[in-house]
Each structure stands twice: as C-alpha cells, then as structure tokens.
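If you're matching them up, the sequences are chains A and B in order. In terms of our numbering, the numbers along the first sequence are unbroken and rise by one, the last being 759. In terms of our numbering, the numbers along the second sequence are unbroken and rise by one, the last being 759.
In case anyone wonders, no lab produced these hints; they're calculated from the structure. Backbone N, C-alpha and C fix where the C-beta goes; we use that ideal spot for every residue, glycine too. Certain hints may be false.
Unchecked claim - Here are a few chain B residues that face chain A, going by a calculated C-beta distance under 10 Å: (1) T494; (2) R497; (3) I526; (4) E583; (5) S649; (6) K653; (7) S654.
Protein chains: 2
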Amino acid sequence: MEHVKKYIDANKDRFLSELFELIRIPSISSIQDHKDDMLRTAELWKKFIIEAGADRAEVMPSEGNPVVYGEKIVDPNKPTVLVYGHYDVMPVDPIEAWESDPFKPEIRDGKIFARGADDDKGQAFMHAKAFELMVKTNTLPCNVKFMIEGEEEIGSPSLGNFCKKHKELLKADIILVSDTTMISTDIPSITTGLRGLAYMEVEVTGPNRDLHSGLYGGAVANPINVLSRMIAQLQDENFRITIPGFYDDVIEVMPAERAEMAKAPFDLDEYKKSLDIEEEEGEAGFSTMERTGIRPSLDVNGIWGGYIGEGAKTVIPSKAYAKISMRLVPNQDNKKIAQLFANYFESLAPKSVKVKVTELHGGYPYVSPTDMHAYQAAEKAYTATFGKKPIPVRSGGSIPIISTFEKILGLKSILMGFGLESDAIHSPNENYPLFNFYKGIETIPYFYKYFTEIMLA
Amino acid sequence: MEHVKKYIDANKDRFLSELFELIRIPSISSIQDHKDDMLRTAELWKKFIIEAGADRAEVMPSEGNPVVYGEKIVDPNKPTVLVYGHYDVMPVDPIEAWESDPFKPEIRDGKIFARGADDDKGQAFMHAKAFELMVKTNTLPCNVKFMIEGEEEIGSPSLGNFCKKHKELLKADIILVSDTTMISTDIPSITTGLRGLAYMEVEVTGPNRDLHSGLYGGAVANPINVLSRMIAQLQDENFRITIPGFYDDVIEVMPAERAEMAKAPFDLDEYKKSLDIEEEEGEAGFSTMERTGIRPSLDVNGIWGGYIGEGAKTVIPSKAYAKISMRLVPNQDNKKIAQLFANYFESLAPKSVKVKVTELHGGYPYVSPTDMHAYQAAEKAYTATFGKKPIPVRSGGSIPIISTFEKILGLKSILMGFGLESDAIHSPNENYPLFNFYKGIETIPYFYKYFTEIMLA
C-alpha cells in the first residue's frame, strides 16, 4: 500500500486548495438567504466527484436542497460502499467570536480554521480524495457510490423521501460516513452509537403587547419570568428530566458494560480545564462520559425575549421564546418524546400565559455493532495507519439520518470519524487539523481493501 | 380665563406641527449612535422656549447629554415654577410591531402615533405651549424656569450633579412635571407616588466557548438552563420576592388606607380583556392596583443566549444574559436593594458557572403629599378644565430623578400627567390622544393661576 502515502504527498496542496473552494461557499442550510449557495456547493461537489473518476455524477432534486449523487461501478459482483456526507454547514454566530472569517479558510497551528473545516466539508471531502487516489492508482477494489446531502444540519428533512424514491440506485453493502470524532490521534476510536434528537421551539405569550414594567410590573405575568420557571421545572435537583414517561423506553446499560466503557481514557480535570469550568454538572449516578454516551439530556439551545440591546429598557415583553432540544438514547422514539415534551410543557403553563410548542426536527438514536464486517474492516484500517487498534465509543452527538438509512435502505453505517472534540464544530473557530485530514485520506483506502476482502472471503 | 381656549383654538395646528418637528428626531438616549440626535433635539427645544417668550434659554452641558434650561422672571417676589421634562425617548424595538414609522408621527383615530408622542415629548411640549399662551396673552402670573433633560430613559445619570452645580439657578417653589398618566379623561387623577427602581444586568458563563450540545449535553452546565433556574428562584409560589432582606424597609400600607385606595374605579375584567390575558398574576394578598401601586415587583426585562435565529442549532452557549429590574416602594433604598440582589443572585449560582451582576441604573421611590399647596392648585386646575375633582393615585412607574430633586434641590414635585395607560409608552405604537395634548395645554395655565394665588395668599 505504499502508493497511498505517495499519491497523497504528490497531491496534498491541490487537495487543500480544492477543499478551500468548497469551504468558501457559505452553505448554511438553516438560513433561507443561502439557497443559491447550496446549489453552488452541490455543483462543485459534482465536479469534484467527476474529476476524481466517477462514471457519473448528478445534482439530484429532493424536496429541499439537492443531493449530489455519484458512482463508479467496477464490477456488479463486487461489494458496494455508499459514502454519505453533507455539504451544508451550521450558522456562524456569534460571528464576533471568530478569529478569522468563517468562510475564508486559514491555516494556523497546523489546523484549517473555517466553518465546515471539519463538519462536514473537511471530513466528507477526504472521501472524494481517497476515491480519486484509488481510481488514479488503479487500486479501487469495489464499487463506490456517493450521496452528499445539503440538509444534515437542519435534520435531513428531505433525505428520507429521497432514499425511498431512489432505493434501487442507492443499493449498497454498507454506508460509510465521516462526520464524527475520534478520542485523539494517539487513541483512535470508532463511533458505535449516536444519540437521537428531539428539537423543540416554545413560545410563551403574556399580555398582547409589550408593557411598561412600572405601570404593570407585579400585576401581570411576565412571559420571561414564566418561561424561566417552566424551563427550571424540566429537570429536578438530580438533573433528571421530569417529563412524565421520558425515561420509560430507555434501555439501562448493564453494570458490566458500564465497567467496560469506564476503561476508555478520560481525564476529568483535563476536561474541566479545557472548558474553564470549576465543576461539571449532570445526571446523578453517572460519570461524565456516561452522561453524554448512554444517557439522554435536555438543553436550552437558545432563549430570547424583551429588550436585549445596550442599556436599560423597562419593559414587560409580550412574548418570550426558547429552543429546547433533547438528546435521546437507544430505544427512545423522538416523535414520542416530542409529544411527551409538548404535553408536559403545556401542562406547566399557568393560566396567565399562552404557550405554543413546535417540533423543529428530530431523529432516532443509532447503534453500530462491533461484530459487523464493516466494523472489522475499519478496525484493521485504523490499526494499519495509526499503528493502534481503535476503541469503540458511544458518541453523545446525533446524525438523525443514520437511523433513517437503516429503516429505509436496510443498511448499517460505519462511522469512521476523524474529527477531534477540540475541532469546535458548530462553534466559533471551527477547525480541522491537517494531520487528521490527510490521515483520513490515507486510512479510507485501507478500509475499502479490507472490507472487500472480508466481503468476498 | 376665556383667552386660554381661544389661544389654543387659534394655534392648534402650529402646536402640532412643532411637536412633530421634535418627534422626528430619534433621540434614543440608550443607544450611543444617537448622540447627534440628542444635541439636535436639545437645540430645537431651546429655539421653542425662546420663541415662546423666555428671557433666556441655553443648551447647558452636563456629564452626559446636555440639559435645556430656560427662564422668564416676571418678578423676583412672585413664586417660581420649575418645569421638568425630558427630550430623550425609549428604543423602538421590536420595530416590526409598529404600524407606522416611530419617528414619522401619524394621526390615526384622533391620536398621535410615534415614539415620544406621550413620553415625554408630547407631555413636556404642552408646557412650552402653555407658557407661550400665558406670555402672549399677558397672563403669566409668576416666574417660570424650564429644565429639559436628555437622559431620563436611562435613569438621569448626570442630572443629579447638574442640579448640585446649578442649585442657585434652579431655585424655585415647586417642580412641575407631566410624565405620568391619569386614569381616564372621564376620571382625572394626579399621581401622588412613584415606585423606585433597581435595574440590573446579569451574565452567566458556563464553558469557555459554545459547545456542541450532542457531544457535551448532559455533562456540562448549560448557562441558559442555569440562568432560568436562578430567575425561577427569585420569586416564590406566592410571587413574593425571595431576596433576603428585600421587604425589610417596605412600609406596609395600613388597612384603612388600602380601603380608601380600593375606592378608585378599576374593572379587572376590562383590564384582563385589554391585555388579552385569562388570568392576572402577582403577589398573594394584594389587589391588582395594590400590586403596582404599593408593592414592589421584579421583572425580567430582557433575556438572551445561544442560537436565536431561524431554524435549529444544537449548541450549548458559553454565556446567557438577562436584564432584571425591581420596582421599589417608599422607604426602599435602590442602592441597598441592588446590593441585596447581587449578593443573592451570586449565592444562587452553582459552582458549574460564573456569574457577573451589574447595576445599570436606579432611583428612589417618591411620595407627593396631597396637603401641599401645589397639589391643591393642581386639583383646582383639573376641576376647572375637566369639570371633575381629580383622584390622587399611586403610580407603579418610576421617575428616579424626582426623589433626587427633593434631596438635592429640596423641592417637591407635582406630577400633572395627562397620559393614559393605553398610550403604550415604551412599547410599539406609542400614542397620545390629541384631546389630552390640548387639554393639558388648557389645564396648565389654571395651575399657574391657582398656585400663584395660594402662594401669595
């Protein structure tokens, strides 16, 4: 496999400049103004896939942003890997916290700084380049399909129907995804579980107009005070979620399995130091890793109401809002949880206000077993390029579409993430180390090789 | 006094077009970008006072926005009325809730719609025009001084020192202010009490950067969830404020006095209907009017943190903020309350976050006795023009500078407010009925007449 490193070395600058082209388009899927940017990014992806050596590539319509599809079929009797990734990115606010323009990639300290540098332009693009490497060096051992969507960051609302419609086209043996993290480059790991998500928006309405807080203060319910009280009631003093029925479907992880998980390296002092917090906070009776790996959680992702400008304004606002999301663990159904949340939240509202609850998006949790062929191939691939056997870990994050794939396409996914938690995805100064970018491109061809060997054995 | 109505009738259109000139300048004191507008508004006020017939008028420097001073001394042995008002206005957001441009005054349904139409451009300008009326008709019975400031809406931070510096210049017998409301034009009333104010801003910091809510959710304190819990703890289930010592200095109003106050006309159903609320909410054991009139209150005036844009973003923000203000009643010291609040709020913070509390502004409560000469003169003036004796009422609002005047200048204020609660001051679609504007101009000369008569008697 010497050709792998050789090809990367010979082309590494071009790989980077092509990735930068992708990054420069602000393809923020949650903001309508970026519709044109979504199309431009999709077209650029199509061009890259074709140039890399695909037989065909298309920007295919969906009910939302288009999906880039591409394929190279070397032999119908060989296995087929379906690469999934997304070309859309998260919003950039708070923009003032960025040290450089989020859409003008910069290299500092050996890392690419930009929105999408990791999630998921950087990680998905590794697959385009690994594919190119295999094609150009005549080492592609199996069939490859690409499906790169533009709505992952808003919960992939159209991809389920896209998969239903194109089930035949998307036939494959495994879905290969790089959109997760590894523990570190010293301790490679493969994600074997993802949490599900139920993301809600709530609106609390008090009086029908903003009121002067002097003339009305003390006599009329203030929707911000009420919303704060309602949020406070969503968790108890042990940080357990109080929504009736919330934990009913949670499969408790057995003590033996928890003991096994506890062996993964984790330094709580280092963790607290890196976040500059004096104390961590979470559900009583569980460790920090368990709280994100095997337990559900509830976070207010945004809150707003009243006067939020400079100085003071003595107002009782008419409305207050919050975006509240819950991470779910295996066997919790996000649709059911969304309904339980809505019922409970409405029940918390005093008669002095009106409440509106909307489900913004959601997804099922996912588990990827370590005994499947693709996991074994991935394990061998990491071992070959990192020199260490990777550790299987449950991630706290969610990629809602992964469980949808399983349901609609009947396909498992292998989550070969090369990101680091320090990459600050979804945050200001998102970054992706060059080491990880190139290491990913290097590792992927090994996966194709081992996966094909195992499947044909 | 026939000349009063006559003069108003002959000049009413000009009065209005001059007021509109004032309103068109967006003199928002809480936003730094409007510094030039503050100066322009002050200069225009000076011009109007001179044209109305003052001996002198000046735009005088203060530590903040300038103060417009003007005077006409008819006889040093006659009483002196010091007119106080303010030329600054509140911010206009949420701007989308306005039916017309806040700085392009429009007349609809017999009301002037604009920011400052009532508070306090409309009400203060009545005094300029009443003064003009008395000068031009040779009926001014006493000396008049004007002091129109530009920082009332941010708590008059510079006017205290201005008063100290110009104590001699500001010598007078009474301060005359129109910056409050009356019950209705059918039930005229005079404000005899104002609540004090302590206005705070709080900042809650969790992790040192925005985090992905999947990777960290459940393990790290979310500053929005924490802030909500802390706000929820500021009041108990009876809506009493829980800050230790908060009520210590409150003078409980005696049952007999409360019974007297309860005679003021008030229709709770009408009140709820006008606000479109099913239930009112406030401190147990007190009526709605008592809750705003004789009891302190606590309101969150603004809250923000995390992602507040369109769609969903799965973030745990680093910081969350709130603006929280308390209305105070006689004998509560706003400085002491601000300190009690800060101590308590900080004590509520779990170790998982850091908290910063800042006092934005404040003011003492004020009581205006009904047995003072100015009250009696005002009572006679309203009776003359409205045909009904006005009712004394305690307002829930605050004009912090009024108690400062008493302390520094040794002067009581008489609060002849002609606004209505429906004027939506501080809110979108602020308005001021033309009837009240002209009725105010009509009533003020009567006050001067009766006040001079009583003082010289």
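(Q) Need the list of violated hint numbers for this structure, in ascending order. (A) 1, 5
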